[in-house]
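All chains should be modelled from the sequences, with the hints used to inform the complete structure.
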Amino acid sequence: MKILVPVKQVGIIDEDYEIRDDGKNVDVDFLDYEINEWDNYSWELALNLQETYGEAVEIVPLTVGPDEAEDVLLNCLAKGGERGIRVWDDALVDSDSMAIAQVIAKVAEHENADYVLTGTLSSDHSFAATGMCVAGLLNWAHAAVVSKVDITPDAQQITVNRELEAGIEEEITVESPAVLSIQLGINEPRYASLRGIKQAKAKPVEVMSHKDFGLTDAEVGEMGSLSKVRKMYAPEHSQAELIEGTVAEQAKRIAEIVKELKGDT
Amino acid sequence: MARDSKHDILFEPIQIGPKVLRNRFYQVPHCIGAGSDKPGFQAANRSLKVEGGWAAVNTEYLSIHPESDDTHRLSARLWDEGDVRNLRAMTDAVHKHDGLCGVEMWYGGSHAPCMESRCTPRGPSQYASEFETMTYCKEMDLDDIQMVQGYYVDAAKRARDAGFDIVYVYGAHSYLPLQFLSPYYNKRTDGYGGSLENRARFWIETLEKVKQAVGDDCAIATRFAVDTLIADAGVEVERDALKFVKLADDFVDVWDVNVGDIAEWGEDAGPSRFYLQGHQLPWQRFIKQVSKKPVLGVGRFTDPDKMAEVIRSGQLDIIGAARPSIADPFLPEKINQGRVDDIRTCIGCNVCISRWEIGGPPMICTQNATSGEEYRRGWHPEKFPKAGSDDSFLVVGSGPSGSECARVLMERGYTVHLVDSGEKIGGSTNSIATLPGLGEWGYHRDYREVQLDKLVKKNKDSQIALGVKPLTVDDCLEYGADKIVIATGASWNTDGNNALTHDPVEGIDTSTPTHLTPEQVLEGSKPIGKKVLILNCDPYYMAPSLAQKLTEDGHQVTVASGVSLGNYMHFTLEAPNMHRMMHELGIEVIGDVWASKAEANRIQLYPIFGDGYRREYRGPGKLPRRENTHFDWHEFDSLVVCTGRHSNTELYEGLKTRKDEWAENDVKGVYVIGDAWAPKLMADATFDGQRLAREIELDDPQHPKPYRREVAVWGAPHMPGDTFEIEYES
Ligand SMILES: Cc1cc2nc3c(=O)[nH]c(=O)nc-3n(C[C@H](O)[C@H](O)[C@H](O)COP(=O)(O)O)c2cc1C
Ligand code: SF4
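Chains as they are written, first to last, in our numbering: chain A, 39 to 303; chain B, 385 to 1114.
Simulated from the structure, these hints should not be mistaken for lab results. Every residue, glycine too, gets a C-beta built ideally from N, C-alpha and C. Please note that the accuracy of each hint is not assured.
To be verified - So the derived label-pair ranges between C-beta atoms look like this: (1) B:856 with A:239: 20 to 28 Å; (2) A:244 with B:773: 28 to 36 Å; (3) A:271 with B:897: 57 to 65 Å; (4) A:55 with B:856: 36 to 44 Å.
Spelled out as structure tokens, the structure:
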């Protein structure tokens, strides 16, 4: 059984940040990077399966991203797994969930994967769509927001729990192969040890391009995307004010504010 | 990052007499344990602050004459040429960084016990000091007044010659000028007593003489306790201080104003347990209303917004600071660079002060482990030597010691994994900071948390792992770290083991429902009954803090103590208000007792001095005194066992016993720091972490390398040109 786990490097925004000149994204100078939180859980799930079933399970982390994104693969490989895959090409810039899913689906086919375990969503863009797009492209069974799962190698069917609104859970059966998007809290992700981090550096990461899978530039990047960012901006926040002083002073200030708001200053 | 414009006001220069302060950050006089006898320590500690942005720094209180000798406590001295030479080291070092340098000229009167000089101090009237209750002063006649004023003038000239820019006449903390001013001390009926004008005369004349002598070269400052907090028995701000300031204003270039006296000087150096930032402003703010001169004041100012607000609102002109400058010598520079989140905020524990109160040892600081180590160990608070190897580290435990060690190792460029079973960095600090009044102690954790979060982002191989299962010996061995640092802290004893008997107390067992450790109280893991008895043998804050917490939670609390309750809090100046609090809350204290045995709901206590006072040899196995026969049972619903602590050594000892497996696991060394080494002050645990991280390249980093000592050197006489041979009068 082979499990492919797509993981993503996400940007963490500084307190003070600026929007890119084209107004479509945050300026990279203001970003720190880390692994998408959800992907720690999907990778942990894969690690647990591998530990339970040993050689019968192969787990492979995949990321679609530039050189720097390889850190997230090292992150995963420091905890387990023997090899990773990174797909990148400049044509992949500004891909949306669908365009990225094109790539992931091709890798899944190429790898003969039985399961694709994605995170429920990524903390930067919060589309929560990539996993389900992959399932659609592969025409596989799928389950989103998975909070519990029981996978055994060679099983034709697996049982999964999905988290719904208001704390309600739904238990469903899913045919294999399948794409599952994994929810936070499904397990307790481990930390890498120093030994793991050292060993990860020696593990192979295969670097490929979308073209290696027969995808054209038109199928990825902005052109291959179903959505387009038109504008990114910080919405105006209302102005809170801490009112200090004696009760009388505070009352006076409140009266002033009411007047200001009513416009009769 | 750039400075926030709302802090610009803090960086405006200001004239004081013939000198200019380059900004509004001013280190007021405070002791460090250097004085004039450790010139390297003195020079390094103060000049570092000027490097960190302070416009002016001062010596500690500086004795002007052997008649003002505070031994066993350590002041600076400017008695002679030998002192001038030594203090020049400080002025030279400070001037290299373009700061101003001041002395605080001090004459103690009866508060100075003169235990070294064996002089007899003089005062406005004769009384025993309320601080040094064995010491009386001689009431000054008019000749004495002239003479003592002459001491100030001579010392001021020596200060100028040593290169000082600011010369103080020190009249806060109940020292001589204030003794004249305050009717609490001054009972005279001549021209120096009686009316306020008369009581002010000594101080004003002294200022005038000092100004005349050195006023062209030096700014004249005076430190003035504008209210001694005993109402009309002493100095009151609105009644006395405003008049005095008007009378003396012409002879002063800068006013340094605070409140309080010497016996309870924690009212000035207010511990965070009782006082917030700016706690003296309700008194200090009056002075600017009557003075034409710049006014500076203290109040554990750590927050730049508050500082700017205090100046903008016209309450003070200059921000004075002692403790904030100790905890972070680079505070002004960090504000200037817009790095406010990098400030190491003083937690207000007053452990720095405890060392002066104890009398002699160099100052230490809970937040700043490099404090006092600038010269003798060469530690700079913001600069770290580059890593000496590629070694990677596993640090187990993120309390004060482990988090400091990890931080400094990371600053040095090492790869570090900091691992803790807690969900938050800080270890025991997390629960200690929940005790009444100790919230600000959490700044110790916050500083390290913020710094570690930044550092870990700079090295992707480093990691902070929180909320993980406690590591086993096998986990540590297999972790892949070259070096392992164990910082697993300490726990309270569960069986009543204590410093008096060095044995458990029969029947105490905190695994039973009615006996609790302090940790169990803090965790809230066990129900606690109405009637609580705290059995205490710890000399610091835990028993009083728990007593306060439990009383406030509605319990009826008695403390039975075998040691002086909260004894160390005398040294941190927390004791007076702690006692007031205990009294106000109706907490009963049974002192000088220990426990012979305990049951589920009662404990048997005996007086520790209940055995006979006559000692005689009575043969083997027999006490050489009459045995105590006095025992009393005391009932409780819950017993809190605050009797002592022990290191959590399981992991360290486990690793030590498997030393033969280190090499095969590529482990080069295993070290233990902080409370896990031996329970100690948070300041010392933090120091351990910093020290190990700085000395990790040594062959045996577990044990500190020698530091540079500053001692009198045989063959080098103190006075230039003097001899050093043994000579007797003939
Ligand atoms: C360790 C220490 C030693 C002190 N020694 C002196 C001293 O020698 N002379 C003096 O006038 N004040 C002394 N003080 C009091 C401080 O100058 C200051 O008034 C007090 O600490 C309040 O300021 P802060 O809140 O900024 O710490 C000392 C304070 C500390 C913390
Ligand atoms: S020892 Fe405590 S009170 Fe003193 S400066 Fe350091 S943190 Fe502040």
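Hint check:
1. B:856 with A:239: 20 to 28 Å: holds, 26 Å
2. A:244 with B:773: 28 to 36 Å: holds, 34 Å
3. A:271 with B:897: 57 to 65 Å: At roughly 60 Å between Cβ atoms, residue 897 (chain B) and residue 271 (chain A) fall inside 57 to 65 Å, so the hint holds.
4. A:55 with B:856: 36 to 44 Å: Given range 36 to 44 Å: holds, Cβ gap about 43 Å.
Of the numbered hints given earlier, the model fails none.
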